[in-house]
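Visitor: What follows is the residue order along each chain.
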Amino acid sequence: MDYAEAVRSGNRLALARLLTLVENGDPEGRKAMDALFPYTGQAHLIGVTGSPGTGKSSLVNQLALAYRRPTAGAAARRVAIVAVDPSSPFSGGALLGDRVRMRDLSGDPGIFIRSMASRGTVGGLARATAAVVQVLDAAGYEIILVETVGAGQSEVDIARLAHTTLVVEAPGLGDDIQASKAGILEIADILVVNKGDRPGVESTERFLRNMLEIAHPEMQDEAGNETGSGNKKTGWIPPILRTVATRNSGIQQVLEAIENHKAYLQSSGEWQRRDRDRLLFELNAILRDQLYARWRQSLPEGAYNHAIDLLMERKQSIYSILEALLQYHA
Amino acid sequence: MDRKIRVLIAKPGLDGHDRGAKVVARALRDAGMEVIYTGLRQTPEMVAEAALQEDVDAVGLSILSGAHMALVPRIMELLRANGQENVHVFVGGIIPEEDVPALLNLGVRAVYGPGTSTSKVAEELETWVLGKQPE
Ligand SMILES: Nc1nc2c(ncn2[C@@H]2O[C@H](COP(=O)(O)OP(=O)(O)OP(=O)(O)O)[C@@H](O)[C@H]2O)c(=O)[nH]1
Ligand SMILES: [Mg+2]
Chain X
6 MDYAEAVRSG
16 NRLALARLLT
26 LVENGDPEGR
36 KAMDALFPYT
46 GQAHLIGVTG
56 SPGTGKSSLV
66 NQLALAYRRP
76 TAGAAARRVA
86 IVAVDPSSPF
96 SGGALLGDRV
106 RMRDLSGDPG
116 IFIRSMASRG
126 TVGGLARATA
136 AVVQVLDAAG
146 YEIILVETVG
156 AGQSEVDIAR
166 LAHTTLVVEA
176 PGLGDDIQAS
186 KAGILEIADI
196 LVVNKGDRPG
206 VESTERFLRN
216 MLEIAHPEMQ
226 DEAGNETGSG
236 NKKTGWIPPI
246 LRTVATRNSG
256 IQQVLEAIEN
266 HKAYLQSSGE
276 WQRRDRDRLL
286 FELNAILRDQ
296 LYARWRQSLP
306 EGAYNHAIDL
316 LMERKQSIYS
326 ILEALLQYHA
Chain A
60 MDRKIRVLIA
70 KPGLDGHDRG
80 AKVVARALRD
90 AGMEVIYTGL
100 RQTPEMVAEA
110 ALQEDVDAVG
120 LSILSGAHMA
130 LVPRIMELLR
140 ANGQENVHVF
150 VGGIIPEEDV
160 PALLNLGVRA
170 VYGPGTSTSK
180 VAEELETWVL
190 GKQPE
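The listed protein sequences derive, respectively, from chains X and A.
FYI, the numbering for the first sequence is 6 to 335, going by my numbering.
FYI, the numbering for the second sequence is 60 to 194, going by my numbering.
Incorrect hints may appear among the rest.
Said to hold, decoys possible - With the C-beta cut set under 8 Å, the calculated list includes, among others, these residues of chain X facing chain A:
no., residue
1, 94
2, 96
3, 111
4, 112
Stated by the list, open to error - Computed from the model, here is a short list of chain X residues facing chain A with C-beta under 10 Å:
no., residue
5, 22
6, 25
7, 31
8, 44
9, 70
10, 71
11, 73
12, 77
13, 81
14, 93
15, 100
16, 101
17, 103
Derived from the structure by calculation, the hints contain no laboratory data.
Every residue gets a Cβ at the ideal spot worked out from N, C-alpha and C, and that includes glycine.
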């Protein structure tokens, strides 16, 4: 099958299969991606991250529904969702349950949902996700929502992938510890406090506002009054928005914030900059892998073990061994 | 290359008990598979759509409502219409003995009654997908 052509013409089975191939790092997938690459760079990539159970999938469900409704200003957008859940470190398997909250989206040919397990390494996940997103982008999905759990290194890498990153919090999760540990402010473009119907919303919002004010002193005027948040000349200050995803409340405001952020990215030149950073990051990661693999292949049998032995016997230092090993580089 | 068996565990029909489905889903995860779980009350169309988007190797259907003779043929038909005739379908739940041959005739790989060990399910699934023989 010519995957690239089939995907471009809207064949959903071909798309699903190609996603598997690129996720697995299959050479056939790579070939199709070469052909699809010129069609990428069109979609708005939106990352949705946050602690387990804060309502990310419920929010993604509502956002997708909203994007599917045509408005006065815009036609309905085609939406793809990539929902990433952790693999079990013990078995390598994974339980991918995000679709449970996305029932409302079934039967709509303008929506494509794909679940992904985090599998092996942090860097590997970022690369696999980037590849999957590229294929969906080339397939003509205009909005791509990427859901990931937590705020560890993999989320930071995935945030690098997104144009706009939503961090979803909810009351009563021990916010202070989680938020500060995670360094969420560095990756959040929009902060969503979901479960706005639960007690403790105000304190979660207050906590987030305090954190933001530390990071963005320009949020207060000289008298210490809040000047609000949003799109400023000085840059982007993440808005804090309250939602009840299960009741479709506050979703419109999130949608508007996403649009504002996109406008900010485009007018400030940040859109290009992020695109460049992302491609550079990908290129570097792949370059490192491939150079290493080639060098490793060019090593004569036993040379590596011999080098380790010399190190262990303290006969040579790491750097002098390195010199010797790099001689082999083809 | 890192290939994983991908399985959809679905609960078509109207009954509201998904404990059995969740037990199987967890067991398959523990056997190293990637299990997509879609929750309660799925229509055959929802099951087929999820199987397609997720490009699964297998679909496990948990049916307790007695509606299997209506649901399973429809799901098999939709999978075929989508070009997924090679997906391995297995059925679990409460299925009367006399209905089993008819289901197998539709192309269902196996019907598991209550009390089937989950390791048997995992082993058979691996055999179908990888062509691997159980030990
Ligand atoms: N009260 C209330 N419950 C909510 C709200 N949003 C989601 N929930 C519930 O919170 C639970 C978790 O929601 P999900 O959308 O699955 O959350 P998630 O962040 O995607 O969860 P993981 O993917 O497991 O990390 C579900 O039971 C939802 O019904 C909300 O706004 N208010
Ligand atoms: Mg989720």
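Visitor: None of the hints should be skipped; say for each whether it holds.
Guide: Hint-by-hint comparison with the structure:
{"no.": "1", "hint": "94", "verdict": "violated (12 Å)"}
{"no.": "2", "hint": "96", "verdict": "holds (5 Å)"}
{"no.": "3", "hint": "111", "verdict": "holds (5 Å)"}
{"no.": "4", "hint": "112", "verdict": "holds (6 Å)"}
{"no.": "5", "hint": "22", "verdict": "holds (6 Å)"}
{"no.": "6", "hint": "25", "verdict": "holds (5 Å)"}
{"no.": "7", "hint": "31", "verdict": "holds (6 Å)"}
{"no.": "8", "hint": "44", "verdict": "violated (20 Å)"}
{"no.": "9", "hint": "70", "verdict": "violated (16 Å)"}
{"no.": "10", "hint": "71", "verdict": "violated (20 Å)"}
{"no.": "11", "hint": "73", "verdict": "violated (15 Å)"}
{"no.": "12", "hint": "77", "verdict": "violated (30 Å)"}
{"no.": "13", "hint": "81", "verdict": "violated (18 Å)"}
{"no.": "14", "hint": "93", "verdict": "holds (6 Å)"}
{"no.": "15", "hint": "100", "verdict": "holds (5 Å)"}
{"no.": "16", "hint": "101", "verdict": "holds (5 Å)"}
{"no.": "17", "hint": "103", "verdict": "holds (9 Å)"}
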